[in-house]
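Colleague: Next come the chains, spelled out residue by residue.
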Amino acid sequence: MLLPIRLLAVLTTSLFLPLASAEHTNNWAVLVGTSRFWFNYRHLSNVLSMYRTVKRLGIPDSQIILMLPDDMACNPRNAFPGTVYSNSNRAMDLYGDNIEVDYRGYEVTVENFIRLLTDRVGDEMPRSKRLLTDDKSNILIYMTGHGGNEFLKFQDAEEIGAWDLADAFQQMWEKKRYHEILFMIDTCQANTMFSRLYSPNIIATGSSELDQSSYSHHADNDVGVAVIDRYTYYNLEFLENQVKDLSSQKTVGDLFDSYDISKIHSNPGMRYDLFPGGADVARSRLITDFFGNIQNVEVDQKENGALEEELLELGRTIAMLRQKEADELNQYNNATSVPASQPTEPVKHIRGATALTDDNWWTKKVVGATALAGCIGLWALGSFLET
Amino acid sequence: MAPPPSGPTQKDTASSAAASESPAPATSAIKAPPPETPTAICRRSYIVLSFWLLVVFLGIPFWWKTTTIYRADLPVDRMLEWADGKACRPAIPIQIAVHADSLQEEEANHLVRLAQHAIDDLNDFSGHHLRLQLAPRQDRPREGEHDPKSALSIHLKPGDATTAALDPYRAALDITYPLNSVPPLHSASSMLTTYIATELRSTFAEEQAIVSYLLSASPSSPTSKPAGLSPAVVEALEKRATRALRYAPTYHLTFSLFTDGPTPTTWDIDTAINEYMKPLLDVLGPIHNFTIDTQVQLYATPGVQSQTLTMDDLASFINAAEWPLSPSIGGAPTINFLTFIGNQTIGFPDSEGQTSQSWMIPQWGTVYLLSQPDTNNHVPKDALRQPMLTFGGHLLTLLGTPQSGSLPLRLSSLSRIRSADLLLRASDTLGSLARLSRSLSSIAIPRNVADGVAKSLQHLEEACASLGGSEALYHARIAEEEAERAFFEKSMVGQLYFPDEHKIAVYLPLLGPVTVPLVMGAIKEIKRLLQARKQRAQEAKEKKSQ
Chain A
1 MLLPIRLLAV LTTSLFLPLA SAEHTNNWAV LVGTSRFWFN YRHLSNVLSM
51 YRTVKRLGIP DSQIILMLPD DMACNPRNAF PGTVYSNSNR AMDLYGDNIE
101 VDYRGYEVTV ENFIRLLTDR VGDEMPRSKR LLTDDKSNIL IYMTGHGGNE
151 FLKFQDAEEI GAWDLADAFQ QMWEKKRYHE ILFMIDTCQA NTMFSRLYSP
201 NIIATGSSEL DQSSYSHHAD NDVGVAVIDR YTYYNLEFLE NQVKDLSSQK
251 TVGDLFDSYD ISKIHSNPGM RYDLFPGGAD VARSRLITDF FGNIQNVEVD
301 QKENGALEEE LLELGRTIAM LRQKEADELN QYNNATSVPA SQPTEPVKHI
351 RGATALTDDN WWTKKVVGAT ALAGCIGLWA LGSFLET
Chain B
1001 MAPPPSGPTQ KDTASSAAAS ESPAPATSAI KAPPPETPTA ICRRSYIVLS
1051 FWLLVVFLGI PFWWKTTTIY RADLPVDRML EWADGKACRP AIPIQIAVHA
1101 DSLQEEEANH LVRLAQHAID DLNDFSGHHL RLQLAPRQDR PREGEHDPKS
1151 ALSIHLKPGD ATTAALDPYR AALDITYPLN SVPPLHSASS MLTTYIATEL
1201 RSTFAEEQAI VSYLLSASPS SPTSKPAGLS PAVVEALEKR ATRALRYAPT
1251 YHLTFSLFTD GPTPTTWDID TAINEYMKPL LDVLGPIHNF TIDTQVQLYA
1301 TPGVQSQTLT MDDLASFINA AEWPLSPSIG GAPTINFLTF IGNQTIGFPD
1351 SEGQTSQSWM IPQWGTVYLL SQPDTNNHVP KDALRQPMLT FGGHLLTLLG
1401 TPQSGSLPLR LSSLSRIRSA DLLLRASDTL GSLARLSRSL SSIAIPRNVA
1451 DGVAKSLQHL EEACASLGGS EALYHARIAE EEAERAFFEK SMVGQLYFPD
1501 EHKIAVYLPL LGPVTVPLVM GAIKEIKRLL QARKQRAQEA KEKKSQ
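So the sequences go chain by chain: A and B.
Numbering follows the numbering used here, in which position 189 of the first sequence is assigned residue number 189; successive positions increment by one, without gaps.
Numbering follows the numbering used here, in which position 367 of the second sequence is assigned residue number 1367; successive positions increment by one, without gaps.
None of these hints come from the bench; they were simulated from the model.
C-beta atoms are modelled at their ideal positions from N, C-alpha and C, and glycine is treated no differently.
A few of these clues could be false.
[Stated by the list, open to error] Computed footprint of chain B on chain A; a stretch qualifies when at least three of its residues, placed anywhere within it, have a C-beta under 8 Å from a C-beta of chain B:
#1 60–74
#2 160–174
#3 204–218
#4 239–247
#5 285–298
#6 380–386
Use the sequences and the hints to build the structure in full.
Modeller: Rendered as structure tokens:
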């Protein structure tokens, strides 16, 4: 008796949750550094390390949006020009070949970030700078910079609020622009940034609680500044050591369990309640579901030869038909001298688009005239009182 | 206001308090200002009044006008109706012309009627139904002629046995029948009609399944369950949905030749495309446009180096970090067709001896492994034949073409599926916009969004009315485009939320210094007026009592 019931349950869930159960088909990463100036070297190296990691796991540049507000490699204070390192051993130059920064310098603004998420961009925006996701896309969003209670500062000039971020995610969800999101943020009081999110299918994690700072890991004495933040450092350590390639079976839960408060020096936060199925399902998601690029390739078997023959056959037929059509058209044109302007389609009556707002010309004029008259009246009143 | 001095007896007890409170002109040490003239008092009142008038009638309206967000009126209810599937029940009628020139007029009519009944009995899904129609007789049946209104034409011909065959070059089904199987005029059913009905049903089974899946997958559908689809079919449909690219009016095709060595450097791609791809692209013309570019890359190392590629290797074969497969050419989505010159083979874990040359990456494109002797500097057209044909077949799959049936039929059903798909998408987008405009009360809605919505709604109506016809795709395409444009309106962005602290921080430095004198002046004036009124009333009373 139990079995049929369970079977029924499985069937009904699979019927009623067609979207939730479906797999994702592509992976995107949005990596954002938000601070400028030399002393924030570590924020840029945080972002670049993440960039290297997702690229290593197969996400192509076309599906990575990288936002770097400053160019540390070319900073005059950089003792190692043209390079950015995230470790004082300087084993790996993060700024080497094949780096594609999508938004740089003053392009990194709150507005551009929200535009990117919601895809509200003009026609002039190239496709490589757009987040062209759909309802089958998993997105990794990583942000780092200086933050506070429910805000993250962009470029010393403006800030994004937790509400703005939540609204942007909601707009993405409404337009089916993601399947699942892993939101990761490394900043002071980071956990407040995801406290306002309210859209489903989001796993969120941050480096520190309210009123807690997020600390840098270590400084490179030759570079002269701190080169990486603790939270990012230990995330990367896990990703480098445990997730070697796409076939890794490590889960998001494994990553979160690897966080050690004594090493990170702040309390990392996680948020699962937006995820359908809660903590268990969220924690069982593979790391590569967000950091890697999963492709379910389909190999052609030999039996498909029939189709190709058919295609070739079709190619010949179409050429023949086209020839015939052209011939017929010629004949037709020769035989009957029909005027070319003869309407071939029936005339349709299409109701034009109706304007939905009706503030017309006259009301605007009246408002203007009234304002003018009011001003003149005030002036007259003033001069009357003066005398 | 100072109380009037009570009398000379209190003069000597006048303390400092009395001096400040009741400045008697003769005795007080501090000289009081001269009494205000009535004109000055009057002028002061006018000044206060004019400031208030200025603030109330000019300042506040200006502030209101300049700080309100323009929100065009959206027909939210109607948009939600579309999104919920209440405005239009998508139903795709498929016209099938029956050519039965060898039968008598009456007999043919009867046959069509019976076959229609049989089809209606078989069909259990209302969103997709077949309508038979007897085609007008032609004295001379012309080959290649096809009525654009009907999706399929059936040619009934007398023969030895009941057979059915799809014409590979036209959307036509040739059915032969033995003479004795034609239903007599008053019979209720016959073998032939049932045969026609089942044939048609199986021909359109895939399309019907896809449409029913589409309707059930969209949240707008009234019935949230695919009508009578088996789990295996649903799985196949889901696979199709994950494989197929999202509809776009134009696609960009990139043909790339990658080689891990210095050769080959040239290939006959132009003639190969003309020969093997062009005809296919031409027949797809009514549904999509295509732009094409090609590239050759030497010394391109794949992501996997091993000789025999396993299934896992295939996923990481594309060296995404280094190969220039950029999507940023033009505004259209790119489909990649990649020919890799190398002697790698694909190994199947389960079946020995089976080999394959190519694999498809869903929503991305195809990779074809072409082995070629190293010395060859040029890839001739003939060597590209097999890759090109594979690409052609995969292109159809990536565009979401149904798998079964003859090509013309598959393409016409693709256009019907796409129009239903676009219709649902557009309604969905409108619904999202409507919900968004309700939930985000501070988002600006410019006028062109409202215009786009109106246009989209209008084309949606026309698309809904013409579903199954050739114009449906055109209208659905415009409706979807307009709805997308309205949703992704560039100016509907910006920081939407300002906390109250921000508002206070912005307004207080300006409004604080301005409002204090304004309010104080008003209070003083009102107090004075009340005092004057009281005094007048008292005086009047005193006068009366005298």
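Colleague: Checked against the structure, which of the hints given earlier come out wrong?
Modeller: Violated hint (a single one): 3; every other hint is consistent with the structure.
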